Amino acid sequence: MARAREVRGLRCEEPFRTAAGKIIWTRFEELISFREAVLESKGDGDRAEAVHDMRVASRRVRAALELFEDVFPRRQFTAMLRDVKTLADSLGSVRDLDVMIERLEKSRRSRIGAQRVVLDGIVADLRAELAGARQDLATAIEDLEASDFPRRFAAFVAQSTT
Amino acid sequence: MARARNIRGIKVKAPLRDNARRIVDRRLDELLSWRDALGDPSAVRRLHDMRIAAKRLRYALEMFEVCFPLVKPSLKGLTDIQERIGDIHDLDVMTGLMRTRLQAFDREAERAAVEIMSSATSRRESSIRLRTLLSGQGRDRARLGLLGLIAGNLTERDRKFVELQTRWGGTALDAFAAELRMAVAPPQEADGTPAEEDSAHADIVESPRLAAEAR
Numbered sequence: 001m002a003r004a005r006e007v008r009g010l011r012c013e014e015p016f017r018t019a020a021g022k023i024i025w026t027r028f029e030e031l032i033s034f035r036e037a038v039l040e041s042k043g044d045g046d047r048a049e050a051v052h053d054m055r056v057a058s059r060r061v062r063a064a065l066e067l068f069e070d071v072f073p074r075r076q077f078t079a080m081l082r083d084v085k086t087l088a089d090s091l092g093s094v095r096d097l098d099v100m101i102e103r104l105e106k107s108r109r110s111r112i113g114a115q116r117v118v119l120d121g122i123v124a125d126l127r128a129e130l131a132g133a134r135q136d137l138a139t140a141i142e143d144l145e146a147s148d149f150p151r152r153f154a155a156f157v158a159q160s161t162t
Numbered sequence: 001m002a003r004a005r006n007i008r009g010i011k012v013k014a015p016l017r018d019n020a021r022r023i024v025d026r027r028l029d030e031l032l033s034w035r036d037a038l039g040d041p042s043a044v045r046r047l048h049d050m051r052i053a054a055k056r057l058r059y060a061l062e063m064f065e066v067c068f069p070l071v072k073p074s075l076k077g078l079t080d081i082q083e084r085i086g087d088i089h090d091l092d093v094m095t096g097l098m099r100t101r102l103q104a105f106d107r108e109a110e111r112a113a114v115e116i117m118s119s120a121t122s123r124r125e126s127s128i129r130l131r132t133l134l135s136g137q138g139r140d141r142a143r144l145g146l147l148g149l150i151a152g153n154l155t156e157r158d159r160k161f162v163e164l165q166t167r168w169g170g171t172a173l174d175a176f177a178a179e180l181r182m183a184v185a186p187p188q189e190a191d192g193t194p195a196e197e198d199s200a201h202a203d204i205v206e207s208p209r210l211a212a213e214a215r
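Protein chains in written order, with the numbering used here: chain P, 1 to 162; chain U, 1 to 215.
Isolated chain P (complex conformation):
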């Protein structure tokens, strides 16, 4: 798991409100930095790693938003949190399947014949489900971009924290 990026210029003595802007914006930049790797990685391993990193980043954005909730106007906050949650859920669906497939395949090596056959069947089903989840994730990212999410998010953070 990628370590959270340092929040530059963050000081403990500064007002909670301005700290919120620095933290949330750093976490958001971190989140969108994984976009290309998630959508364009060719190998399964690279893509799985990118999805994992982006999912963790999305959770950090969500956690930051929830912690700094009091800084933002209620309605805008709810809408932004919902968008982040949509993305996080799509990433989570892919990641959970990646993890499960990896675990089952690892477990397969030490199993007897009958159990291997069962595991092969389960993995095949999960792979089919994974293909659908990946497509849903790509759609979720494209939908957010089509709704100008990065710009809206930047404006949302800037308006309340500067």
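No lab work stands behind these hints: they were computed from the structure. Keep in mind that the hints are not guaranteed to be accurate.
Quick list of simulated restraints, FRET-style, between CB atoms [what the hints assert, rightly or not]: (1) U/K160 with P/A154: 49 to 55 Å; (2) U/L75 with P/Q159: 28 to 34 Å; (3) U/R45 with P/A131: 26 to 32 Å; (4) U/V114 with P/S33: 34 to 40 Å; (5) U/E83 with P/A131: 24 to 30 Å; (6) U/R8 with P/T162: 22 to 28 Å.
Note that the structure is predicted; figures quoted are calculated from it, not measured. In this text, a Cβ means the ideal position worked out from N, Cα and C, and glycines have one as well.
Using the hints provided, position chain U relative to the given structure of chain P.
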């Protein structure tokens, strides 16, 4: 998943450090509120909620680490809790997948039994055919494979749960909480002198156990 609890008393114009202390305190309380899951292996849902609470606390600590440099050991502890419960959760999910498949076998057998009962011309015939059906199921490799996998998962889960209990049961979480509260306490409080005006830490003073530890 349990929703994160609201943190009351946040003052957006007050320094980050003061609010961060309050947040960490609240998130820690949330984690501790799920501790009874450590005493009940069947508390799948509560154990999951405990993992999420550990994750929320860890993210908060990561965010505010700049204010509380002494929280590093707590971060490691939280990662350990998350990983241990995560392993158990993965086993639960896998077992669920396998049980669903096993139930499909049972539904298939039920349908075959219904067909036998409706078409047999005598009780003796239906009895023989049902026995044949059951013995056929007993030899079904896929069914045997599933049963073996489920049993293996449940055994591993039991072992991992005992390991979790051993590491974090008893007073281990209390010690973790006390260490974390000290790491985020104002300097005079960390020295052993209670801070009178810090309401975020009121529970440290109010808790007889923690007060005794502080003495």
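So, against the hints stated earlier in the document, which numbers end up violated here?
Numbers 1 and 4, in rising order.
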